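Asks: Okay, here's what each chain looks like letter by letter:
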Amino acid sequence: MSHLSERPEKPVVGVSMPHESAYQHVTGTALYTDDLVYRTKDVLHAYPVQVMKAHGRITALRTEPALAVPGVVRVLTGADVPGENDAGMKHDEPLFPDEVMFHGHAVAWVLGETLEAARLGAAAVEVELEEKPAIVTVGEAIAAESFHGARPHMETGDVDAGFADSAHIFTGEFTFAGQEHFYLETHAALAMVDEGGQLFIQSSTQHPSETQEIVSHVLGVPAHEITVQCLRMGGGFGGKEMQPHGFAAIAALGAKLTGRPVRFRLNRTQDLTMSGKRHGFHASWKIGFDAEGRIQALDATLTADGGWSLDLSEPVLARALCHIDNTYWIPNARVNGRIAKTNTVSNTAFRGFGGPQGMLVIEDILGRVAPQLGLDPIELRERNFYQPGQGQTTPYGQLVTQADRISAVWEQVKENGNLADRKREIAAFNAAHPHTKRAIALTGIKFGISFNLTAFNQGGALVLIYKDGSVLINHGGTEMGQGLHTKMMQVAATTLGIPLHKVRLAPTRTDKVPNTSATAASAGADLNGGAIKNACEQLRERLHQVAGTQLGGNASDVRIVEGVARVLGSDKELAWDDLVRTAYFQRVQLSASGFYRTEGLHWDAQAFRGTPFKYFSNGAAATEVEVDGFTGAYKIRRVDIVHDVGDSLSPMIDIGQVEGGFVQGAGWLTLEDLRWDTSDGPHRGRLQTQAASTYKLPSFSEMPEEFNVTLMENATEEGAVYGSKAVGEPPLMLAFSVREALRQAAAAFGPAGTSVELASPATPEAVFWAVESVREASAEGAEGSAVGSTALSNA
Amino acid sequence: MVSARITVNGKETPIAPDAPHTTVLDFLRERGLTGTKEGCAEGECGACSVLVARPGVNKPTDWVAVNACLVPAAALDGQEVVTAEGLATPGADGTPATLHPVQEEMAVRGGSQCGYCTPGFICSMASEYYRPDRCSHDASEAGEADAEHGPNGFDLHSLSGNLCRCTGYRPIRDAAYAVGEPAEDDPLAQRREQAAPEPVATSYTQGDSTFLRPATLEEAVQILRDRPEAVLVAGSTDYGVEVNIRSRRDTCVVAIDRLPELRELRVESEYLEIGAAVTLTEIERRLDGTVPLLAELFPQFASRLIRNSATLGGNLGTGSPIGDSPPVLLALDASLVLASADGERVVPLADYFTGYRQSVRRPDELIRAVRIPTPLSQVTAFHKIAKRRFDDISSVAVAFAVDIEGGIVRKARIGLGGIAATPIRSLATEAALEGKPWTQETVDAAARVLRGEGTPMSDHRASSLYRSAMLGTSLKKLYAQTTEAVSS
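Protein chains in written order, with the UniProt record's numbering: chain A, 1 to 795; chain B, 1 to 488.
Some hints could be false.
Unchecked claim - Going by beta-carbon spacing under 7 Å, a handful of chain A positions derived as facing chain B:
hint	residue
1	Met-17
2	Ser-21
3	Gly-28
4	Tyr-38
5	Phe-630
6	Ser-693
7	Glu-706
Claimed, not checked - In the DSSO-like style, the derived pairs of lysine-lysine whose C-alpha atoms are separated by at most 27 Å in a straight line are:
hint	chain 1	residue 1	chain 2	residue 2
8	A	Lys-423	A	Lys-635
9	A	Lys-635	B	Lys-59
10	A	Lys-572	A	Lys-10
11	B	Lys-59	B	Lys-11
12	A	Lys-502	A	Lys-467
13	B	Lys-476	A	Lys-41
Because the hints were derived from the structure by calculation, they are not lab data.
Values in this document were obtained by computation on a predicted structure and should not be read as measured data.
Backbone N, C-alpha and C define an ideal beta-carbon position, used for all residues, glycine too.
Between the sequences and the hints, there should be enough to build the whole structure, so can you do that?
Replies: Below, the structure is given as structure tokens:
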């Protein structure tokens, strides 16, 4: 067992406990960024001037009418920017644009004494536009060859030879939708200037260091003049990794120019129409199988809808390519990626970060072709799993370690979910119900953990022990509900050997831990936990020295357990508080900064090869659905999940992540429906589902009626803090089982062996049309034929 | 000027100087009660849920959860509000507060992750916790626990208006199903035994904007006659969206939700009369299933949070073609009682709508009541087609009320929503059914007629093809439901 993964006696990690802020959450006393406004005097409110056209050059921007509105203090425009007029890391995201690039693009911001005054001021600003043609969909972008950014190419084996060896070859296309984050707390920031002219910015951001960096370059001042703090977020899901920076820069600029605190908070409509989302993709593919259904070759092109600016589209696309294999060994693969440039919001990080999109392509292919191969989808998937001990590598050249876990979680789900019996029950039910069909589907995941870009795989922490024995920890990660802070407190208490109540955690601030990475890529606990452990170990070593002397033993024989220091083999005890006080009087430093870098990673983005991931996270889910043949409406009857989180740091929190991720994934794949106006009318490019009333998230009615989540046991991960694994993103992709179950239930309305194409999201309407196509094929007596809009060719 | 005030968590709080359009949400937040959150500002997410003391169905007072983002603060003049902050019992100086039982269950079971939606869930859950007729014994033994009801009688529909993006809901359900009965000395439980605050006649003006709450129907219709710019508001579940999302500002808003003349529910020999300002929750609980078609409608009508404020008068008054009550009321052959300073008139609902959000109601008239003739048809059904089962707007809604005697359809009434500029009755389909045997053949023929009704459009909710298809399949589904076991 590695030093990193080994747990001491009576560890606080591994204990199930509620979220560290749970009591504040339930009493309404937990503070979020915008709650601070009511505790701050003389705040100005910022309101965006959105232009409701998808594309056009600004020919005039008149702010005088706004200044005539009572209560309007100032209108911010590009002319006010002292530094660089850019809100992104790619220098393609002007904070105040000359060209409107998407419907709802903000071109100026109004500061008012009240929100109402700012709103009225924004409405009074006059913008003239020379309209330009707009590209709204990924399909239009492909047709117009409108792309931006990198064009990655991933290749392994001999693809042509693989197809030559194939007994069955299929081709197809698949366009699937993105997803709105819909964190319950919309984007918000509050900026203040201090007596030295420096800025303090409260921001709802997953990446305080980058918020600091962008504000710094917009204002043209060094980073040490900017402090960014994030108390907590009301959800992030990747939507606050890159997107908060420009908004925070607006508040900072307003504060700098007026000397007053400036607050902005997007309302829901603004947030939906201005901020980026999960990338929708287009995929075209050709796949070959041998006679037994083993994949021989895959040739695919993935096109991500990047929106108007690059944002994080390049790494998102890279991760999509890196996950097209999912749990399957593809000996010969050629996959090209490109990023469509469209006149829509700038698509960005979202839980899974391209991984779900890449995996959806292969899962969709397998779901579609299984009937044509004459195989049960479960059988087809199993035949293609990575096999342990055979040195199989991913298409980008990383050895697949722990391949045994792919089938371990799979087999356990079969057992937990009693799949064999239930499949028989479902067959009987379907035979007896002409208008209602049920189906059960099993899918698995393999998700790579670490940032693709190696440099981001570092974490920092600052741990302070006060002389009364209380401990304050700071780290670079942010809390968005995922329970990171809870886990970090457990890690600190474990390393120091003290009870959890001795540890308090301070809000994330850039002046405590510098140059942090985004809390993203599921890596928050791995990176920051490693750093906290490192800091606590330094402190512990110093305290062991003190304790050894006090207890009359050797420092290396000291153990601190549950707040009491002892020397091995001795009954003498020294309580933590006494130990700390003694150390203080002995002038021992009681603070330490910790650091962690993930070892063993390398990545060549040009060659698209390397070992970008520390390890893989695995899981499997079996979902049973019931479809109403009259309407296409469905319900999720039962879900069984077995997921690998290594040895859990905090089981209740991990199970919460698995369940929440699954339901969010089910929302993406079935319910959440981003609709853009693609007509040539006056509202072309407008997001039509721009409110909670039209963009529907899963509610209680989408919760599985029976929901069983099991964490894999004895799953120690050698390469991560206290043997744990990341959990944030992977469970989202377990929801493929919902989509595949819907496909199979639709197929059950026709004869056995019917292949079904299913749109994504698989809304009731989409499921209804899938059912209708099955019925039509059945009526035509075309047994085993492909149905849907895109025909599959069987070579 | 009489100052308007709300009792918040036991403390009287003036509404001034807020503007009359200020919502309860902003009113609370501006006074430091920031536990109440804005998630959507249109009554869809429930992050702003708070408890209001209202006249009860089974006890003098019910603790009713409402969307604070939709209700003008002035509408709660003289009323009592409790927020998530107010549910915890403050500790003595220097000691932590004692959590309310629903707070305790939510906290220890992992019911909160990011915590932003949590205070709203707490209030919705507390409202159900205090519902007097919530079965407090073991409902699973009584056979009353099902997919949507817990062993403690907890109705999951009470949380249908609350969205959580983090948890996937399972731990929230577990918390809801774990709460017991309120303790004897629970102050909010005790408060239910006393009368709810009376409505307060309100005249609240800031600048050129006024919020009025007349005390009687007579005063209300007089205002309508005198002030043509006056806007009627009952539950504010539609008006609040206009204010928040479309920045609607009016100079004169008239609240009619507490007018006694609009709050009656009477059973007459030939009809049932439901006051236009009785909330949907009150109708649901007071009728208790005696009008099966309404009983089928309510769980599908928006969310509990909305139904706690929304009224039939409001749903008909806005004249929306996608309201869920008009198809049902059309199938029930309902009429409306319109009142003005000149007196009352009764208009069949089938003659009420004249165009998109247009009706025969004159600007000086208000809807006083809805009349449903009795006896009711035996076979009724409400089919709502939407993306989401809880709290969604229908793309198509179809209501059926059919009498079948001796295998022959004697009478058929079919109300449709979502397929034309107004809710309509499908007279052609009714004709295709009446006098015919209730058989698959009759149904298939009538379904073809029904499928051709209206002028459905394609939008973000559904395509026109799907809407038309759903009209046809709805009748076939009804037939299947009457002839075989089909899950609804």
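Asks: Now tell me, hint by hint, if it's right for this structure.
Replies: Against the structure, the hints come out as follows:
With 7 Å as the threshold, the beta carbon of Met-17/A stays out of range of chain B, its nearest partner Cβ sitting at about 9 Å, so the hint is violated. Because the closest C-beta pair between Ser-21/A and chain B is about 6 Å apart, less than 7 Å, the hint holds. A least Cβ separation of about 2 Å between Gly-28/A and chain B falls short of the 7 Å threshold, and the interface hint therefore holds. Using the Cβ-Cβ criterion of 7 Å, the hint placing Tyr-38/A at the interface with chain B is satisfied: the shortest such distance is roughly 6 Å.
Interface restraint check for Phe-630/A: the shortest CB-CB distance to chain B comes to about 4 Å, inside 7 Å, so the restraint holds. Taken as an interface hint, Ser-693/A checks out: its beta carbon lies about 5 Å from the nearest beta carbon of chain B, inside 7 Å. Given hint, Glu-706/A at the interface with chain B, is violated; its Cβ is 9 Å from that chain's nearest Cβ, farther than 7 Å. For the given pair, Lys-423/A sits about 17 Å from Lys-635/A by alpha-carbon distance, which is consistent with the 27 Å threshold.
In summary, the hint linking Lys-635/A to Lys-59/B is not supported, as the alpha carbons are separated by about 36 Å, beyond the 27 Å threshold. Taking the CA atoms of Lys-572/A and Lys-10/A, the gap is about 19 Å. The hint holds against a cut of 27 Å. Taken as a hint, the Lys-59/B and Lys-11/B pair is honoured in the structure, with Cα atoms around 24 Å apart against an allowance of 27 Å. In summary, the hint linking Lys-502/A to Lys-467/A is supported, as the alpha carbons are separated by about 12 Å, within the 27 Å threshold.
Taken as a hint, the Lys-476/B and Lys-41/A pair is broken in the structure, with Cα atoms around 63 Å apart against an allowance of 27 Å.
Checked against the numbered hints given earlier, this structure breaks hints 1, 7, 9, 13; the rest are met.
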